[in-house]
Structures are given as C-alpha cells and as structure tokens.
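Trainee: Top line first, the protein sequences correspond to chains A and B. UniProt numbering applies: residue 1 is where the first sequence begins, and numbers increase by one. UniProt numbering applies: residue 1 is where the second sequence begins, and numbers increase by one.
Read the hints as simulated data drawn from the structure, not as lab findings. Please note that a few of the clues may not be correct.
Said to hold, decoys possible - Chain B residues, not near chain A, derived (Cβ > 10 angstroms throughout):
{"id": "1", "residue": "D33"}
{"id": "2", "residue": "D58"}
{"id": "3", "residue": "A85"}
{"id": "4", "residue": "Q94"}
{"id": "5", "residue": "G149"}
{"id": "6", "residue": "K177"}
{"id": "7", "residue": "A182"}
{"id": "8", "residue": "R201"}
{"id": "9", "residue": "N202"}
{"id": "10", "residue": "G263"}
{"id": "11", "residue": "P299"}
What the hints assert, rightly or not - Partner residues aside, some chain A positions facing chain B, computed with beta carbon under 10 angstroms:
{"id": "12", "residue": "V17"}
{"id": "13", "residue": "G21"}
{"id": "14", "residue": "M81"}
{"id": "15", "residue": "R101"}
{"id": "16", "residue": "Q141"}
C-beta atoms are modelled at their ideal positions from N, C-alpha and C, and glycine is treated no differently.
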Amino acid sequence: MSATDQQPAEHPLMGAVRQYGGDPVDLPFWEACAQGSFLLHQCGQCGRHYWPASRCIEHGDAAMSWVAASGRGEVYTYTVMHRAYTPDTRDKVPFVIAVVRLEEGPFYHSNIVDCPHDAVAVGMPLEVVMQPHPSGLTIPQFRPRGD
Amino acid sequence: MTGSGCAIVGLGVTEQGVGLGLEGRELRTRAVDLALADAGLPRDAIDGYIRAYVDREDLRYMGLSPNFSVSMMTGGATPVFSIIAAAAMIEAGQAEVVACVYGEAQTAFATTGKQDIGSYGYGYPMLYGLLGAAATHAFHARRHMHLYGTTSEHLGAVAVTQRDYAVGRPGTLGYGKPLTLAEHQASPLITDPFRRYDCTRNTDGGVAVLVTSAERARNLLSDPVFVLGAGTGHNIANWHQGLVYENHDNIAPAKARAFGQAGMGIEDIDMAQLYDPFTISPLMQLEAFGVVAPGQGGPFYAEGGAGPDGAMPTNTGGGQLSAYYSTGFTGVAEAILQLRGAAGAGQLKRAETALVSGHGMNAGVQNTWAHACMILGRNPRAKGATS
Ligand SMILES: [Zn+2]
Numbered sequence: 001m002s003a004t005d006q007q008p009a010e011h012p013l014m015g016a017v018r019q020y021g022g023d024p025v026d027l028p029f030w031e032a033c034a035q036g037s038f039l040l041h042q043c044g045q046c047g048r049h050y051w052p053a054s055r056c057i058e059h060g061d062a063a064m065s066w067v068a069a070s071g072r073g074e075v076y077t078y079t080v081m082h083r084a085y086t087p088d089t090r091d092k093v094p095f096v097i098a099v100v101r102l103e104e105g106p107f108y109h110s111n112i113v114d115c116p117h118d119a120v121a122v123g124m125p126l127e128v129v130m131q132p133h134p135s136g137l138t139i140p141q142f143r144p145r146g147d
Numbered sequence: 001m002t003g004s005g006c007a008i009v010g011l012g013v014t015e016q017g018v019g020l021g022l023e024g025r026e027l028r029t030r031a032v033d034l035a036l037a038d039a040g041l042p043r044d045a046i047d048g049y050i051r052a053y054v055d056r057e058d059l060r061y062m063g064l065s066p067n068f069s070v071s072m073m074t075g076g077a078t079p080v081f082s083i084i085a086a087a088a089m090i091e092a093g094q095a096e097v098v099a100c101v102y103g104e105a106q107t108a109f110a111t112t113g114k115q116d117i118g119s120y121g122y123g124y125p126m127l128y129g130l131l132g133a134a135a136t137h138a139f140h141a142r143r144h145m146h147l148y149g150t151t152s153e154h155l156g157a158v159a160v161t162q163r164d165y166a167v168g169r170p171g172t173l174g175y176g177k178p179l180t181l182a183e184h185q186a187s188p189l190i191t192d193p194f195r196r197y198d199c200t201r202n203t204d205g206g207v208a209v210l211v212t213s214a215e216r217a218r219n220l221l222s223d224p225v226f227v228l229g230a231g232t233g234h235n236i237a238n239w240h241q242g243l244v245y246e247n248h249d250n251i252a253p254a255k256a257r258a259f260g261q262a263g264m265g266i267e268d269i270d271m272a273q274l275y276d277p278f279t280i281s282p283l284m285q286l287e288a289f290g291v292v293a294p295g296q297g298g299p300f301y302a303e304g305g306a307g308p309d310g311a312m313p314t315n316t317g318g319g320q321l322s323a324y325y326s327t328g329f330t331g332v333a334e335a336i337l338q339l340r341g342a343a344g345a346g347q348l349k350r351a352e353t354a355l356v357s358g359h360g361m362n363a364g365v366q367n368t369w370a371h372a373c374m375i376l377g378r379n380p381r382a383k384g385a386t387s
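For reference, chain A alone in the conformation it holds in the complex (with noise of 0.2 angstroms):
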C-alpha cells in the first residue's frame, strides 16, 4: 500500500467495540443492537449458539452466522457491585452484574435492571432491554420477565 492510498473509513462503531477489547467480527451483533434486536453466533452445521463471534467446537470449519435470538434467559450466578472500577459506573453503585445463561445456551454479562438488588436471584427470568452506553453502542442489559 503505498501513502497516498486512502484508508477505508473506520466502522461507526468500531473506536467503542476496540475501546472494550472486542473484535470487528463482532460489529453486526453491535449494529443490531443499535436496531433494537439481540443477535447470537450460529453454526450453520450443529446450530449451536455463541456468543461473542467463535469457531464452533465441533465443527470449526463450519459457516457461521448471526441469527436473531429471543433475548430470553435467566440469572446463572451474579454479584452486587459495592465499589465503581469504571468511570461510568460511579454513581451507580450499589448495581448487579449478571451472567446470564441465555435460552439459546450461551452465557452473556449484563447489569439486570428494573429490579432492586436484593431481589436478583439464580434463577430469575430475564429477558433483554437494549440501553445506550456511553461509549456510543447500544447494549443489551436485561429486567425480569414476568410471564
């Protein structure tokens, strides 16, 4: 490449996805929750979920895609945050970090919102609200489901 070739414009999204240590594989998952709906990784030969972007254990050569998920899921285990470790957290502590263990089978970090934090509980049912972030993405934090 010589100097005066242009660079493609960087993805919109792409600064706040590296900020987080992520991957450019990623950014449809992050598009689409920009749009409102939750993505999970999908091979195309077991339809085994994953999440974020990864070769299927079994069948790591096989074609892998982002399929819509339900965004559907429950509480696999969690901690109350008593101390703020990122800026953008410190007015908000005491807040819950969830892994949640999604329908599809993959586990997902979330904050577990609409809900006081002596409440969350393994078990919980959840399910997905798209939030802004102050990084710019929009991410999928989840609230109980009542159903």
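We have chain A already, so just place chain B with the ligand on it with the hints.
Mentor: Just chain B with the ligand, lined up with the frame of chain A:
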C-alpha cells in the same frame, strides 16, 4: 517429566508489604541474590532465566549471563508453570540452573491509576462495570452458594483460618493481627458475596527460586526440595462446556498428571498451598483436588480441616489473603519453607510432601484461568514412579 526430575535448591524472598518504595527490578534482583546465597551458588551458575512476567532489562542490571531468558505470562499460574518449564529446559540439556523470578511494586503501580481500560483484558463485560478479579471470582462464589448452600460465614472461615496462620509469622500482613469471624462479617461488601476480608490486597515484593537437576541438587550445600510431579489445565475447556462457573479451575487434567508423575494420591499429601486471591479459591480447589467432596469445602474450613491440626493444613503461611501477594510464588515459598523445616513457629508437625497451585489470567467473557500445580517433596521421587 522424565528421569529423576528436578529440585529447587535456592529460595529468595525479599521483604513483602505495602509501599516498600522499591522498583520491581530491584525486588527481583534482591530475590535472585537471596536465592543464590541460599543455594550457595555463584552468580555465573545461573544459565537460564524465566521472568514472571515480561522482561527486557533484568539480565544486564543483575549481571547475569544465562543461555536464555524467557518472559512468561499465564497470570498467577506463571510461578508454578515457570518451574515446570525450568525443569523441561534442564532435561532438554539447555541449562543446569534456571532462576524463576518474580518481583513487582504492585502498590506503587496502583497509585498511578493511568492504565487504559481496554488493557485490563476483561472485554465486553467492562461495558457493564465489570473490572477486577474480585467480580469474576464472585461469580464462582455465588454459584457455589446456590449449588451447595455455602455461606458468607464459610468464606469467613477461610479468611480466619489463614489469618490464624499469619498471626504468628513475622513479615506477613497479618502478623500479630488476629481476625475474628465477627470482624469478617462486619467488613464492608466489595463485590457481593465478597467482603473486604474475602479479598487479597496487593503488596510489593520479590521471590526467586533456583531449579536444577535432582543429581546436581545432591551435591549442593543447600537443603533441596524435589519436584515430584506437575500438571496444567485451562478453564477454557469448562467454558466450552458451559461449566466454567462450577469450576474455579480446570484441575482434573492437572491433578491427574501431577499425581501420576509423583505416583501418589491426595492421601499422600501433607499440606496444600493453593492460589488464594479470594476466599472461595482455596475452598473450591480443595474440593477439586479431592480433599473433600464437592460442596463440602465450607464446612471443612468451618470445622478446622484446613488448620494446622486439620486433615489438610492449607496456606500455612497465611497465603495471599493474610501474608503477602507475590502471585503464585506465595504458596511456592511457603511449601519450600515447610518442607525444609524452616517455617519457624508455623512449622507443621508433618511436612514431607506439599501440593502447590497457581491460577490466573482473567480474560473477556470467558472469565477463565490457567491452572498449574505441582507436588513438592523432601525426598526425591521414588524409582518406578510413572513419568
Ligand atoms: Zn457446530
């Protein structure tokens, strides 16, 4: 591991504590000097150097001339892993005496607070405020509580057990400072279920060990400690199976290899020195190593099973929680002292064999760690042990 195995012939432990005012390299240099003096070896005997973690300048400053220098980073598993690698280099004929070295001014680093958030390596969960090992280990603790009824008091029993060991050990954070279960319960929540006394605090300090062949160890004046077996396992395997939160580490393959090499079972082990950044860590490892059944770690601690007169004295110098944090070398150093009969007032009555573990390297959504363990002994490996 083949042949007669390797031995640790030199141990150097610097002052350990908060705000020592020494740079990491100075701590490493002093640790190496202490290890050489302990082994009765000259400076030029070191012909291999493994640094936990990344190194560029140590050799010149220390005046060392080894054949190789390797930077090694697999989190808190690095110290045990470095000893395994040292043994492998010796058996590959590449060195006779390998220095495995750690030294960091952790508390000085913490005060700068200038690190870019992305460099911490916690990945997308940082979008949700997750940063730091306390939260990632809290996930294990909460899941364990859900599955087995483990309580905050059980975690407190780990903290109190280890503090009891440290109270009588000069140079530790807990020296002369007893901790009660009530004080543990009254300490503030950090990352629920962890309270302040469930968490290790960073300290400054250096540790170095010198590794050589078992044959050469016999001709040295120092008191050797023999590496009888070692193993590794990575928790990514449990992530792939959706079992990462039930498993603090992937101990099964590490345990099988280490005990197979040593020709031993857990019943042959006199003490455990297990990586313990948080109280849940030694509790879950004792279960995974088969000292107690899954879910019985909490009651085991509460009943004194990990104390000096218990079934498996564990983290007998106070561990990271109450002694000092020199990453996985905290447990390595304590095992060597105990096996040499040099643990002073904390000397165990029976100290022929020790199980030592390290774990580390948080990463991204997978919350996962490397694990390395080894079995150390006062006596060389018996002939006929499998390799
Ligand atoms: Zn597949």
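Trainee: Run every hint past the structure and note whether it holds.
Mentor: Here is how each hint holds up against the structure:
1. D33: Holds: least Cβ distance 37 angstroms, greater than 10 angstroms.
2. D58: Given a closest Cβ separation of 29 angstroms, the condition holds.
3. A85: 27 angstroms, holds
4. Q94: Holds, because the least Cβ-Cβ distance between Q94/B and chain A comes to about 34 angstroms, which exceeds 10 angstroms.
5. G149: 12 angstroms, holds
6. K177: At roughly 23 angstroms from the nearest Cβ of chain A, K177/B sits farther out than 10 angstroms, so the non-interface label holds.
7. A182: Label holds. Min Cβ-Cβ 20 angstroms, cutoff 10 angstroms.
8. R201: Holds, because the least Cβ-Cβ distance between R201/B and chain A comes to about 13 angstroms, which exceeds 10 angstroms.
9. N202: For N202/B, whose nearest Cβ neighbour in chain A is about 14 angstroms away, the distance exceeds 10 angstroms, so it holds.
10. G263: 34 angstroms, holds
11. P299: Since the minimum Cβ distance to chain A is about 21 angstroms, P299/B lies beyond 10 angstroms and the statement holds.
12. V17: OK, holds: V17/A within 10 angstroms of chain B, min 9 angstroms.
13. G21: The hint holds - G21/A has a Cβ within 10 angstroms of chain B, the shortest such distance being about 5 angstroms.
14. M81: Constraint on M81/A satisfied, holds at 6 angstroms.
15. R101: With Cβ-Cβ at 8 angstroms, under 10 angstroms, it holds.
16. Q141: 8 angstroms, holds
This entry satisfies every hint, going by the numbered hints stated previously.
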